[in-house]
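**Student:** Now for the letters of each chain:
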Amino acid sequence: AAGVIQSPRHLIKEKRETATLKCYPIPRHDTVYWYQQGPGQDPQFLISFYEKMQSDKGSIPDRFSAQQFSDYHSELNMSSLELGDSALYFCASSSGRGAWNEQFFGPGTRLTVL
Amino acid sequence: AQKVTQAQTEISVVEKEDVTLDCVYETRDTTYYLFWYKQPPSGELVFLIRRNSFDEQNEISGRYSWNFQKSTSSFNFTITASQVVDSAVYFCALSEARETGGFKTIFGAGTRLFVKA
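Those protein sequences? They're chains A and B, same order as listed.
Residue numbers for the first sequence follow my numbering, so the first one is 228 and each next one is one higher.
Residue numbers for the second sequence follow my numbering, so the first one is 767 and each next one is one higher.
Hints are supplied without guarantee of correctness; some may be wrong.
[To be verified] Computed footprint of chain A on chain B; a stretch qualifies when at least three of its residues, placed anywhere within it, have a C-beta under 8 Å from a C-beta of chain A: (1) 812-826; (2) 852-862; (3) 871-882.
Hint data in this document are derived by calculation from the structure and do not stem from the laboratory.
These numbers were taken from a predicted model, which means no experiment stands behind them.
Note that beta-carbon positions come from the ideal geometry of N, C-alpha and C, so glycine has one too.
For reference, chain B alone in the conformation it holds in the complex:
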């Protein structure tokens, strides 16, 4: 069965600090996809990154970086030099194919990040 665990419910940091959001997943499939989304106070879901299960290469995009480790089933997200505008809820999500030909996406419970000035 699929499961996504974001153990950190809330994190509070001071501006310019680095912060890592943890994501641990469970799946029986060998082919699956991992995503991170940001949900700012305005409510919309903003796509940040996706990773397929065969690509463990870490990625950096500006102040954002992601560490995917299949050995520990983790897909952690680090924000470097955090800013107040990073304050949001961050969701990790897992998608895997179903027998119907479609796929199912499940989200973690989310981590609420507060960045204080």
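Extracted from the complex, chain A is given alone in its bound form:
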């Protein structure tokens, strides 16, 4: 069965650079979520989209922005990168945005900021 696809899987950037992470949800899933997991930390919710509109916002820095496109894929744009942005970024998708819906997680993008 198709799973959530994230690209790239690994990304190395310098401080103050920008990065774009991409997420391709499971076909027919209309909701996408972004999480940030720092080293040894639990995943922290950043932002979610439902039917191409922002649904919820968590602890996403102002330097980050995201959107969901007409084909339901989503991109997380990160600017002015800081060392503390180094983390594993997960995308998850679900069918519908209810709290009950199971979120299917992608493999994550590991971002390293040097």
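Assemble chain B onto chain A, guided by the hints.
**Tutor:** Same frame as chain A, but now just chain B:
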């Protein structure tokens, strides 16, 4: 406010031992959902189970079982006859609806399980 507490940071057991991972949650909502995820060394998050707040029936799936008790706000996870492949970080998570119509999911800090051969 939501909160998920996994008091056990690390647990180490020998293969074939049973192990219980504790999860205690806080929420003001009457409708909420609880989840367990496994994160093996490869890093991906693997869904294990979900429970809604109205269903306190315990569940067993193979060597895994879950004990949900609203009276103590706990949703504990037991692995019977543990195996080396069970070594991973296990996260308990809580989701509840928000006024926006969406929902918020928060994760506990995770419990790292080491199963030694």
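**Student:** Provide an ascending list of the numbers of those earlier hints which the structure does not satisfy.
**Tutor:** none
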